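Asks: If you follow the hints, you should be able to join the two separate chains into one complex; please do so.
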Amino acid sequence: MFEALGQRFSSIFSGLRGKVSESDLKTFTSQIKNALLESDVSLSVADSFSNRIYEKAVERSEEINKSINPAQKIFEIVNLELTQILGGESRRVRYAKTSPTVILLIGLQGAGKTTLAGKLANYLKADGNTPLLVAADLQRPNAVTQLQVVGNSVNVPVFAPEPGNGVGDPVSVAKLSLNFAKDKLHNFVIIDTAGRTGIDEELMQQLNSIKATVNPNETFFVVDSMIGQNAVVTAQAFLAGVGFDAVVLTKLDGDARGGAALSIVEVTKKPIIFASTGEKINDFDLFYPDRMASRILGMGDIASLAESAKRAIPEEASKKLEDKFNKGEEFTFEDFLSQLEAMKNMGSISKLLGLLPNAVGLKKQLNNFDDTELVRTRAIIESMTPLERSNPKVLNGSRRARISRGSGRAISEINSLVERFAQAQKVMKQMRGGNMPAGLGSLPGMGQPVKPKQQEQSFKKKSRSGNPAKRALEEGN
Amino acid sequence: MSLFKRLFTAIRSGSVSPDEWEQLRGTLISSDLGANLVDEVIEQAKSMKADDAVLSITKLVSSWLSDKSRALKKEHDRLTTILIVGVNGTGKTTSTAKIATKLINDGNKVLLAAADTFRAAATEQLQTWAERIKTPVVTGEANSDPASVAFNAVTKAKAEDFQYLIIDTAGRLHNKQDLMDELGKVVRVTNKHSQVDEVLLVIDATTGQNGINQAKVFIDAVGVTGFIITKLDGSAKGGVALAIEKQTGLPIKFVGTGEGVLDLSPFDSTAYIQGLFN
Ligand SMILES: Nc1nc2c(ncn2[C@@H]2O[C@H](COP(=O)(O)OP(=O)(O)OP(=O)(O)O)[C@@H](O)[C@H]2O)c(=O)[nH]1
Ligand SMILES: [Mg+2]
Numbered sequence: 001m002f003e004a005l006g007q008r009f010s011s012i013f014s015g016l017r018g019k020v021s022e023s024d025l026k027t028f029t030s031q032i033k034n035a036l037l038e039s040d041v042s043l044s045v046a047d048s049f050s051n052r053i054y055e056k057a058v059e060r061s062e063e064i065n066k067s068i069n070p071a072q073k074i075f076e077i078v079n080l081e082l083t084q085i086l087g088g089e090s091r092r093v094r095y096a097k098t099s100p101t102v103i104l105l106i107g108l109q110g111a112g113k114t115t116l117a118g119k120l121a122n123y124l125k126a127d128g129n130t131p132l133l134v135a136a137d138l139q140r141p142n143a144v145t146q147l148q149v150v151g152n153s154v155n156v157p158v159f160a161p162e163p164g165n166g167v168g169d170p171v172s173v174a175k176l177s178l179n180f181a182k183d184k185l186h187n188f189v190i191i192d193t194a195g196r197t198g199i200d201e202e203l204m205q206q207l208n209s210i211k212a213t214v215n216p217n218e219t220f221f222v223v224d225s226m227i228g229q230n231a232v233v234t235a236q237a238f239l240a241g242v243g244f245d246a247v248v249l250t251k252l253d254g255d256a257r258g259g260a261a262l263s264i265v266e267v268t269k270k271p272i273i274f275a276s277t278g279e280k281i282n283d284f285d286l287f288y289p290d291r292m293a294s295r296i297l298g299m300g301d302i303a304s305l306a307e308s309a310k311r312a313i314p315e316e317a318s319k320k321l322e323d324k325f326n327k328g329e330e331f332t333f334e335d336f337l338s339q340l341e342a343m344k345n346m347g348s349i350s351k352l353l354g355l356l357p358n359a360v361g362l363k364k365q366l367n368n369f370d371d372t373e374l375v376r377t378r379a380i381i382e383s384m385t386p387l388e389r390s391n392p393k394v395l396n397g398s399r400r401a402r403i404s405r406g407s408g409r410a411i412s413e414i415n416s417l418v419e420r421f422a423q424a425q426k427v428m429k430q431m432r433g434g435n436m437p438a439g440l441g442s443l444p445g446m447g448q449p450v451k452p453k454q455q456e457q458s459f460k461k462k463s464r465s466g467n468p469a470k471r472a473l474e475e476g477n
Numbered sequence: 001m002s003l004f005k006r007l008f009t010a011i012r013s014g015s016v017s018p019d020e021w022e023q024l025r026g027t028l029i030s031s032d033l034g035a036n037l038v039d040e041v042i043e044q045a046k047s048m049k050a051d052d053a054v055l056s057i058t059k060l061v062s063s064w065l066s067d068k069s070r071a072l073k074k075e076h077d078r079l080t081t082i083l084i085v086g087v088n089g090t091g092k093t094t095s096t097a098k099i100a101t102k103l104i105n106d107g108n109k110v111l112l113a114a115a116d117t118f119r120a121a122a123t124e125q126l127q128t129w130a131e132r133i134k135t136p137v138v139t140g141e142a143n144s145d146p147a148s149v150a151f152n153a154v155t156k157a158k159a160e161d162f163q164y165l166i167i168d169t170a171g172r173l174h175n176k177q178d179l180m181d182e183l184g185k186v187v188r189v190t191n192k193h194s195q196v197d198e199v200l201l202v203i204d205a206t207t208g209q210n211g212i213n214q215a216k217v218f219i220d221a222v223g224v225t226g227f228i229i230t231k232l233d234g235s236a237k238g239g240v241a242l243a244i245e246k247q248t249g250l251p252i253k254f255v256g257t258g259e260g261v262l263d264l265s266p267f268d269s270t271a272y273i274q275g276l277f278n
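In order, the protein sequence lines correspond to chains A and B.
Read in order, the letters of the first sequence correspond to residues 1 to 477 in the numbering used here.
Read in order, the letters of the second sequence correspond to residues 1 to 278 in the numbering used here.
None of these hints come from the bench; they were simulated from the model.
Quantities reported herein were computed from a predicted structural model and do not represent experimental measurements.
Incorrect hints may appear among the rest.
Away from chain A, derived, C-beta distances all over 10 Å, residues of chain B [what the hints assert, rightly or not]: (1) Lys46; (2) Ser56; (3) Glu124; (4) Gln127; (5) Glu182; (6) Ala221; (7) Lys231; (8) Glu259.
Covered by chain B, per the in silico footprint, the following chain A stretches (three or more residues, Cβ under 8 Å) [to be verified]: (9) 255-269; (10) 403-409.
Don't be surprised by glycine CBs; every beta carbon is placed ideally from N, CA and C.
In isolation and in its complexed conformation, chain B is listed as follows (with noise of 0.2 Å):
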């Protein structure tokens, strides 16, 4: 049995130990939800009527959630851009190969666009997705400005009338304030040409509780507008993106859970949940 349906076996028999209470605890924090989090569910469980305590916490946790929708934006008469945004070596790459995968499949005609034009071989990466998912992508020279290899990409989207623009960047620390107004430009340059209708930031699962921060700054310099939580196929649950919906109210919309195309699925908050607890 979980952990977590023992636990509220024993909430509802009206016997918690200290010890168990300390396991939950322990659990939950190394889920990297927070410690401030975790006190939080805790206090409320331990306050909580025995009878309903586990629909209780799992209200708790849920109201957390953003009431965002979690589906992909799609403009019927225009063209919908995607930004993929975050530190290094997240998997923006890997995962905008994902989504353009999931858009193809659904029958739409996608354009990618290889705005890390800073880290070796990122375009050819790009290219090689590009190549077996069999989409077109837009690249430019090494060490360009991104802006610019995003203005071509919108042209050409527009010219030549795909559904979707998906722009991959550049891995960059948050706190890097000149690479921060670099993407600021691709997001104002694009914009001109065609609205940037999602921008989406790519959190590793395994990231601690510095991806609150990452959050904040990346909503800050270019507005996100939801989240992908990768490499939920490693041993982290990712807990520090609950805490972030949490602190934003902005939504998970996809989690990457392997290497391949496929391994993309939209956010399913109750297995996500019950993730944390066991």
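Here chain A stands alone, though its shape is the one from the complex (with noise of 0.2 Å):
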């Protein structure tokens, strides 16, 4: 379905060749919307974000039909817009005037919030501060010892003074924490809640009183990345029945588009601060909006296919690729057998192929790649000149034949690779910033860490807060 998504939005670009008409941008809006639903984005959001975006268009449809590219100038529209929707209020986390900050996490059963608690203790801990984790989820079996466990991974003291399991009131242990942080000093208390459905008005007025006695610095709604169309409902009846300050999305570490986070962005005008992306104590970033968009019109994301790349390709292949972009050079067959057999050896290639933009075709190639094809593949590249092996252009009919004799390989069988090259080739060339979407940015070096300007940008906006320590918490990552 995703795989239909990334055809879809490579299909759009490519119809729309040449000069655009009124017409062609409704067509494409219309596709972008349905794009965007596929994507998990609620439906009202994905009407007015597509309205938008045609109207935005129109205004620009001067400008677009004189770019060489019309179909990337849209994208660059649609790419932009979402990115600035989605990062238009990033900020850092603001402190309390007197100490202790109180952060109170809320959301739906199984959100993640008690990993995220102990994630955000750590990650405040990395930064001079001096957390208290409050063990308020009484409900759940064994919540407050998942926390406890939790806390003592990162040598954060847990306050929970109620054994839970359906016994102790999370209004008192909250209130109670805050006499215990303020007595040993801590300058952080993070309040781990039940799980809750929005519905369920007994427990949003629970969590009311806990906020109420607590009255936190602030609150954060935790959402799963892989929620649907609830998210807006969902993310409503917490605005409404408890109120929160921003969001966190979790569980981004796996596949699903994250629409939902448009869709709660755009309806309670809250930002998103931060992103959980895995079940370990360091999995835990900022929320990048420039990825997020990507991620959602699943057009692939360049940053964390660098990274994840720089993990999974061994150092020297990934050397020689560097310094291939860094010189400019063409990307070769040989080039593509060596990268071949690298992703071979990673197990996670659908991932990183999920990633990479108009990498449908291919990733589904590689998929379907097994040991013996790599042996015939090397057999077929190795018949080739120098030449050849640069240049897929000169494989002419009697070239073809020729590797096919010298490899005891099939003809179609050098035909499908030529062409599979050929598309790697051109993503190779995009990614070099070429002919690179707009908006996605160029791919410094599958070698370094990536850090996209614009994410930064996002986040060296002013400080809210009082705080003289001055150590931005989000410089610390």
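Replies: This is the structure:
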């Protein structure tokens, strides 16, 4: 399904060649809308967003038609709009005027609050703070134990005066925790609460009492990035019932498109502040609006790709590729082969390719790529001349026939390899920045961690806190 | 009157306005059925004869449901083993306790296995449930091999003539190959000693279109035999489950409707489909 989405986008853009008429734009926006729906953006938001794109595109139609690549121009508009909505309000954690700063975590069951509490504590601690974790989920069996284990693993104390499992009053635990924190000089208090559905009035009321009692500086609504259309209803229920200041998206290491992020931000006007990206304590990051935009659009996420590649592709191979990138050299059959070999080793090939824009076909082929095929591919490539290896265009019929004889493989196999290579070469070219769909940025080199500029900027906004420590939380990372 | 009924009254009288079609589309999309399936329903509905439109639409949607048995398997001459799998936080551990309760109430002797050795306090969570429902549970050390917990549990279950063994596993995202391999190993090791009869994939009703990916990958990796849709007591309709049944042909066996052990029901397709249209 998601492949279909990627394909749809490729075809939307390739359909927009030459002069773009108003009716082209209409078709385009309705396709955008469908694509957003497939990414779990809620209907009303998909509607209003695509309408806005339409208006903007009409406004700028002259500029679009003048550009050499109108499709790219429109994509820029879409991507920018999305990035702006997602990142418009990005900000750092607000400190209390007088310590402790109280952070309340709320959300549905299974959203990932307890794990997040530990990550947040660890993150704050790494920045020189002295957080306290508070076990106020007294409902789910052993939620208290879970928080204790998590707290232990990051060396952060856990305030857990009640055993939980249905015993104890979360409101009074929350209240007591503040005195405890002041006493022990903790400058942050992170309160974990029980998950609840947005329609459980009694439990929403309870959350309200907790909030009224501790008067948190920050209430974070924690939401699973796999959530579907219900995201809006739920976010509204929590906003109206309890209120929150920012959103944390969890399980972003999965392959959900995460359209809910857009829905929630649009509807609640609250910013997404953090992203939770795995089960380990360090799998926690700032929220990067531009990454999320590409993800929702199904256009791949070059920054994440570069990071995964860095982890997965052996040092040597990636160094070689990086050099080529830097020198602007042609991507050759040999690179293709060594890349296939490297990728074969890393297991996470589908994930990696899922992150590539326009790599839909390539991904499918590589998924079906077994070891014997690797051997056959090598045989074919080794039967090519150096010229042929770097330039597939010279591979005419007679050359292909010769390679076929030399490698003992059928012509059809040679043909399909050449086609596959051409596709890979194209992707590589795009990644170098030349024909890259706008807004995705270029790939500065696979050997280095990538920090897209836009992401940094969005966090360089003025501090809203009066914290003298001046240690921007967001820079800790 | 529900939208469903209103609409079909309108279809009968042959006067559905474009607005009303949009409204139906909106309702169905909001239930997470997925835009493609929704359009399929609408297209067919538009071309239906007015008289029997209600029936035909219900039929159409019902035809997407799996025709496989929704009953939990039961082997009469040997141990029946159920493996509970799914992504993080969907309700696996709770569902394990719920299914155990149901089986115990039906007169079976049930053993639990806490094969989530990874998440903090996951073992303790299942132990608490086991105490509450008064049934034994086999556990392992934190971070030990889940397959060895499963092995110990199977050995005990066979030696002590349990009728059912239910193995709770750690939540894992389907795109993590190593974790899927780990699950494959649990199945292989268990199978060597006693056949795994049911592999139930737990899907959260709030899940969007990603549910389809989850189902596909878990089916490929560990041969899922059916689904449990949890958290249907919330405001989510769980429409992706219908899309999943349609694509995989496998049945939803249970639905979870709350946090207590009794909040588990067999899948009622009529109520579920009506829910999607409301
Ligand atoms: N409202 C509601 N909550 C549920 C249901 N099933 C489970 N839950 C809740 O969802 C949360 C997560 O449930 P668990 O059973 O711990 O989920 P899990 O899949 O075992 O989680 P991990 O092992 O961490 O992946 C808990 O708070 C449960 O009480 C349900 O049907 N309805
Ligand atoms: Mg569990």
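Asks: Take the hints in turn and mark each one as holding or not.
Replies: Consistency of the hints with the structure:
Against chain A, the non-interface label of Lys46(B) holds: every CB pair exceeds 10 Å, the least being about 18 Å. Every beta carbon of chain A lies more than 10 Å from that of Ser56(B), the smallest distance being close to 25 Å; the non-interface claim holds. With a minimum CB-CB distance of about 4 Å to chain A, Glu124(B) fails to clear the 10 Å threshold, and the non-interface call is violated. The Cβ of Gln127(B) sits about 8 Å from the closest Cβ of chain A, inside the 10 Å cut-off, so the non-interface label is violated.
For Glu182(B), the non-interface assignment is confirmed: its Cβ lies about 13 Å from the closest Cβ of chain A, beyond the 10 Å cut-off. Taking the minimum C-beta to C-beta distance to chain A, about 13 Å, the non-interface status of Ala221(B) holds against the 10 Å cut. For Lys231(B), the shortest C-beta to C-beta distance to chain A comes to about 7 Å, within the 10 Å cut-off, and the non-interface label is violated. The Cβ of Glu259(B) does not lie farther than 10 Å from every Cβ of chain A; its closest approach is about 7 Å, which violates its non-interface assignment.
Check result for the segment 255-269 of chain A against chain B: holds, 5 residues qualifying (beta carbon to beta carbon below 8 Å, three or more required). Restraint check on the segment 403-409 of chain A versus chain B: 0 residues with Cβ-Cβ distances below 8 Å, three needed, restraint violated.
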